[in-house]
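Line by line, the protein sequences are chains A and B. Quick note on numbering: the working numbering labels position 77 of the first sequence as 80, and the sequence is numbered without any gaps. Quick note on numbering: the working numbering labels position 485 of the second sequence as 533, and the sequence is numbered without any gaps.
None of these hints come from the bench; they were simulated from the model. Bear in mind the structure is a predicted one, so any value in this text is a computation, not a measurement. Be careful, since some hints might not be right.
As the list claims (entries may be wrong) - Rough simulated footprint, nothing fancy, chain A against chain B, three-plus residues with beta-carbon under 8 Å:
no.: 1; stretch: 250-262
no.: 2; stretch: 546-555
Unchecked claim - Partial list, derived from the structure: chain A residues whose beta carbon lies under 7 Å from chain B:
no.: 3; residue: Ala277
no.: 4; residue: Ala310
no.: 5; residue: Ser313
no.: 6; residue: Met363
Stated by the list, open to error - Computed cross-link-like contacts, SDA-like style, restricted to lysine to any residue with a CA-CA straight-line distance of at most 20 Å:
no.: 7; chain 1: A; residue 1: Lys166; chain 2: A; residue 2: Leu314
no.: 8; chain 1: A; residue 1: Lys76; chain 2: A; residue 2: Asp43
no.: 9; chain 1: A; residue 1: Lys340; chain 2: B; residue 2: Thr591
no.: 10; chain 1: A; residue 1: Lys187; chain 2: A; residue 2: Arg207
no.: 11; chain 1: A; residue 1: Lys76; chain 2: A; residue 2: Arg92
no.: 12; chain 1: A; residue 1: Lys249; chain 2: B; residue 2: Ala285
Glycine included, C-beta positions come from ideal geometry on N, C-alpha and C.
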Amino acid sequence: MDISLSRLEFLNEIVPMQGVVERRTTIPVLSHILLRATDDRLHIAATDLEVSLTSWCASKVKEEGAIAIQAKKLLEIVRASSGDELSLRIEQEGVLTILVGKSLFRIRGLPADEFPTLPNIEGEKPVRIPFQTFRGMVTKVFYAISSEESRFQLSGALLEFRKEGLVLVATDGHRLALVESSVKGIDEADGLLVPRKALQELQRFEGEEMNFRHSDHHLSFTVGRRQLICRILEGTFPDYERVISKDNDRQVVVDRQQLAAVINRVGLLTGDRARAIRMELEAGTLVFSAANPDLGEAREEIGCDYAGESLSLGINPDYFGHFLSVTDTEKVRLELKDENSQCVAYPVDGLEQRYVCVIMPIRL
Amino acid sequence: MPQIRILEDRLISQIAAGEVVERPASVVKELVENSIDAGAHDVSIELESGGKRRVVVSDDGRGMDADDALLAFDRHATSKIVEFDDLEQVATLGFRGEALASIAAVSRVELRTATSPGDGTLVRIEGGRVKRAEPIAHPQGTRLEIASLFFNVPARRKFVKRPQTELRRALEVVQGYALAHPEVRFTLRHEGRALLETIPTRDDGVGIRERIAQVFGAPLSRNLVEIPLDFITEEEAITGFVGNQQTTRGRRLFVFVNRRLVRDRAVLASFYRAVREEWKSDDYPALFLFLDVEPREVDVNVHPQKAEVRFRDPTFVDRVGTALRATLAAARGEEPAPLRVPRGMPQVQAAWEGLGGRQVDEAGRQEAWRPIASGSPSSGTTSSPTLSAIGTPTGPQRDSSLAVESAPGEVREPAAAYPPFGSSGRIAQPTWKPEEPRMVPLSGRSGEARPFRILGQYKGTMILLEGPDGLYLIDQHVAHERLLYERVRRSLHAERSTSQTLLTPMLLELGQSEALRLEELAAALEPCGFVLSPMSGGAIALTAIPTVLSIDEAEAILQKLATSSEELDGQGLRQKLLDTLAASLACQAAVKMHHPMTLDKMERLVSELFKAEQPYACPHGRPVVLVMGDVELERRFGRR
């Protein structure tokens, strides 16, 4: 290998690779980035076997070749260097020479053939999705994905293509977030479970349009020159439409930012683990309070347009906070039924076709 | 009219029945024993409504002929012993000849039996009266159907619990026999649902391990360590299995004496002692212990249900203890270290200030003498507080001041013994408050309280202390965990549990008897934050969990509870759950290993630890403090 390329362009492409490589791995090559020079491009790839990311940089290729280089070290070197042009060479088997400005690095790498073969699903028909819309959807459900990895939890979100539009749903068993946008013209019967890590990396992508493909076991998201491939998660997602209550007859509309601030303040007086505050809905006011035997008490109220019967239930302030922080409307609507039933929250006049967050109550 | 009468035979039977037959499970027990004594290789049990409505036990044993079939229901009719001397060597499970008569007195019984295929007898008895007896065709063996138990004893009926409870007890009985007789096939069905099905295996260590796997699942049987075969002699055999530390989750303790399941206190006590000594733990592993002795060496005629036994040779239980200790040591899988956990907890009053280094020492002195000066009116204007203290010859003050002046090693009176300050005097009012007297447990010689001195921290992990009788090592993580545990437990007990409702119920898949147990506990679990409802096929749906737990932790706690055999009522259950919660919370919050601590922090931790309810073991049973005794140290350095 003997190539030269733009340092900044290279840096730009190896930064997102860091999120994919595994740091603590028993397979050394998984902490490496694969560099492969062919034609007039340097192809770059990283994988943890679940999620893979590929990209490329334009480069002048004098001699083709490939090597796997430790991801973190490569990033550190490229970032710390100065100069616009960067040369990469393999002069000696298994060692990459990096020449940038007046600096020279020789780094040991691993043979390219040790790097896992990435799944190829180019053959599948792509679906075009506006990327900004998609990224917005991911942000709106990402917080509800469980971070626990166990047999009861799905650490991923469900992606569904319906006639009415594209749906993304996530739940951790305590709450559920669903967002639907009017991306049409796609017809797919079954939902696909996208791993949490893939969605996390996708949020860092930039671009106008995303090409989405899927095979029996893999999904691919292509934005610009970057392509993220992940395995489809196995598991059964709950029947979410049935879970979302449709008969919560007590509704209240409140200012979103004010609600977020109040919940945040009252939430200060909850324990680290047992996060629960009381929400009391009375005619004209919405009262939040917290009492913790070790800390003390807090109470604050918000005026609202409610005129029905009084109602009181326990909620986790974080669950509300997550929803309120990713919602961008001025007001939100809460729909309640009784103290043992879920609280369903909606933005009022949101941009999405539909956005809903279901929060299960806490029995106080 | 005379007031004293001889009771009618039938009434005697009904009264006596209470001793033998308490509940459906006792019926199952008696009938299964008879089947085994009859040499059956296939015993099948069917229950309806937990056995309250119907118990059917059929076997392929020897069976009875027409005469025996009737005689069997007479009181003290038995085929198992003939004369008193036989009692000396009872080799069969039953022998008193009470069971069938007692059962027949309080239920509707139908007996079908045959000694050879086809040539059988049918006997029907209701409330002790024979209603029908006639020849029928029946395969070899015996089938006994007991319906409407206690139909004529309403008082007794009231004590029978809900069907699930009765069913679980019956299932536990059958499990016991299934473990003791691996060569016999046992099937237990409840209203058509098979709850237990075992396949005959060999009657040896390998077979019993396989049977344990059939009854409790393969994971348990893999975690068992067999008792070494060294404990088998001509006269007696101590065999079986002890679990490793993975098996402490459920309390599965089974002791068999001559293949009879017993609850012998002496044997269990020796097991508990062995675990405490070998493992330094109160978490008991699974135990499957088979004690086989000459029938004349053991008295099983102590208790009508034969649950207790008495060994003629008092040293036998000691030998059992030795066998258990050897196996427990192997199950723990490590060599005994020269370090030991401090034994006992003698509580000696002592003070902690001034033991951990110069600075604190100074502070301790200053704090110690001020109140004495201000609190001793007789000392007047004395500027030297020490003198003033000596000037008051009696009372606790004198002792306190002595303690201050004397070398470490003396007992100092607790600060609370100081007279209340605030009395007039020229010396300014002290700003500190006297503390509660502290109890410092010392493992030294009795009555002699010697302070500890902190030597430092080892690898950011352990605190080293110079103690009165040796070098003390304290695991800082475990010590902190212990303190947090006691604190969290106190606050949990004080407040109500909040409970997070789940979006969709979580399904717990459990063994049948385990699911039944959780169903029984459901009502008591609710105030603790667990809301569950039974589903078909041994599954339980969990709809809400305590807020402080993750879904996985909640599941682990319920699994543990389901396999525990402790009888818990509402309050006991709540206590136990809160303790479990506290332990899990404390562990997460405690100072981790490899965390350097300053001397002050170590002082604080150690002094608080020694005030804890139980400073020597963490909530999970691991030791907190280890001692290397002076004697041991000297011996190892060749000075003794």
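Straight-line alpha-carbon gap Lys340 of chain A to Thr591 of chain B, limit 20 Å: Status holds; Cα separation ~18 Å.
Proposed interface contact between Met363 of chain A and chain B, which counts if any beta carbon pair is under 7 Å: holds, 4 Å
Closest C-beta approach of Ala310 of chain A to chain B relative to 7 Å, hint status: Violated, about 27 Å.
Lys76 of chain A paired with Asp43 of chain A [C-alpha distance capped at 20 Å]: With Cα atoms ~25 Å apart, Lys76 of chain A and Asp43 of chain A exceed 20 Å; violated.
Distance restraint between Lys76 of chain A and Arg92 of chain A, which requires alpha-carbon spacing of 20 Å or less: holds, 17 Å
Within 8 Å of chain A's CB atoms, at least three CB atoms from the stretch 546-555 of chain B: coverage verdict: holds (count 8)
Proposed proximity, Arg207 of chain A with Lys187 of chain A (alpha carbon, max 20 Å): violated, 24 Å
Given pair status - Ala285 of chain B, Lys249 of chain A, alpha carbons within 20 Å: violated, 68 Å
Restraint status (C-alpha distance of Lys166 of chain A to Leu314 of chain A at most 20 Å): Since the Cα atoms of Lys166 of chain A and Leu314 of chain A sit roughly 38 Å apart, the hinted pair is violated (cutoff 20 Å).
Proposed interface contact between Ala277 of chain A and chain B, which counts if any beta carbon pair is under 7 Å: holds, 5 Å
Given coverage of the stretch 250-262 of chain B by chain A, checked by CB-CB distance under 8 Å (3 or more): violated (count 0)
Ser313 of chain A as an interface hint toward chain B, with CB separation required under 7 Å: Check failed: Cβ of Ser313 of chain A comes no nearer than 20 Å to chain B, outside 7 Å.
The structure fails to meet hints 1, 4, 5, 7, 8, 10 and 12 from the earlier list, while all remaining hints are met.
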